[in-house]
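Student: 38 is the number that the working numbering gives to position 32 of the sequence shown; each next residue is one higher, with no gaps.
Since the hints were made in silico from the structure, they are not lab data. Please note that a few of the clues may not be correct.
[As the list claims (entries may be wrong)] Pairs of lysine-lysine, PhoX-like flavour, derived with a Cα cap of 20 Å: (1) LYS214 - LYS276; (2) LYS17 - LYS138; (3) LYS245 - LYS276; (4) LYS235 - LYS272; (5) LYS138 - LYS245; (6) LYS358 - LYS377; (7) LYS367 - LYS328; (8) LYS111 - LYS79; (9) LYS98 - LYS68; (10) LYS111 - LYS75; (11) LYS214 - LYS245; (12) LYS111 - LYS80; (13) LYS80 - LYS68; (14) LYS316 - LYS235; (15) LYS79 - LYS68; (16) LYS80 - LYS98; (17) LYS235 - LYS138.
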Amino acid sequence: MIEHIYIDNFKAFNEADIYFSPVNIIVGNNGAGKSTLLQILSFLSSVTHEDFSSVLSRRQLKVENIRSKLSTKKKIKFVTDFSLDVDGKNKKLRWGLYLTPNSGKNILELTEEWVEDNPDVYDSGKDYLRFKFASKEAYRLKKSGETENITVFNYTSSILKLIDTDNNDFPELASVKRFLDYSYSYDLLNPDEMRKSGRGTAEMIGEKGRFLTSFIKGLSETQKADLNKRVNILTNTIKEVDTKTSGQPGWTTIVTTENYGGKNIKFDSKDISDGDLRLIAFASLAEVESSQGFILLDEIENGINTQKAKLLMEWLLNYSVKYNKQMFVTTHSTVFVDYVPPESISYIYRNKDNGWVVCEKLFETDAMKNKLEDFYPGEVLLNMSESQIIDALLKKD
């Protein structure tokens, strides 16, 4: 999982140190940086298989808008600390990625990148991975001081894009790549996209949910049965989710079945509510056949009745454990945070002096922990102003 990330010069994130848990529920006011944090994580997972420019284009981002307007620095920096399995052993790995924005060409250029193992523990008698790219050279440093050239690549992508996930020569790099490749961004889920017809099958639902129809169509009967069980539990009204082909050959849409008075009634995608479509998408995640990595979900409460909060959050927590998926979820709902462990909740806000983003565990200080003796996490948030929360967070033990 990702244990920590350092972000510098990306929008309002400057010299930001953020620590993570297996499940991360991120709360804070509008404009604090919640969605941007998910955007950053999505960017880092995407550059393992796409050029920087492709990621920016797909997310409709411009270089001039991602470089911080609150800093005069030129480079955008990401340093990510992982705890990952490498050849059956848990290792601490650090991945650094330094980029130089070129606003004129709307491109990001790679200026420095490295991966190292056990970054905080050194033993002069032991070999460590020291992979570094700079000045058109990529090499591995050995204990003897010798260097081993790896490859030459262009300036517009990460070196991880060129690493095979089953690469035995560089298992640490392959492990980082695997984790990021198995990470999925659903922070842009859009019911209108989910309603659209699809053609063929798909291996995932897509970050906007555009391929939800094709994904469901490609499921086996056993998988569809499992999906329907989850959907029925989450919605309590939908008995079955399936797809049907109509109109143009090969094009399919989602169809749901509800039962009232012993009579089955079918609904086309245009008649399914936004909230039910989002719940169907959430329930579909368990059929994406991959473990490890992370899942991003933005404003999870959108379109969903608060009475579903307990059920949905418990399901996501169980999903995270079962599939070894790290979760990053943002919400404005104080009800939804009542059903997650307090230690998983992070509060994000803007420093009043410089506008920089700060993100800290909400209940890490005694001043905040003590409030849990009388209130649920959501009640704490509901009854405190942002300034009161920040004051309590600053009272370090």
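Student: Tell me, which hint numbers fail for this structure?
Tutor: As far as the earlier hints go, 2, 5, 6, 7, 9, 11, 16, 17 are violated by this structure, in ascending order.
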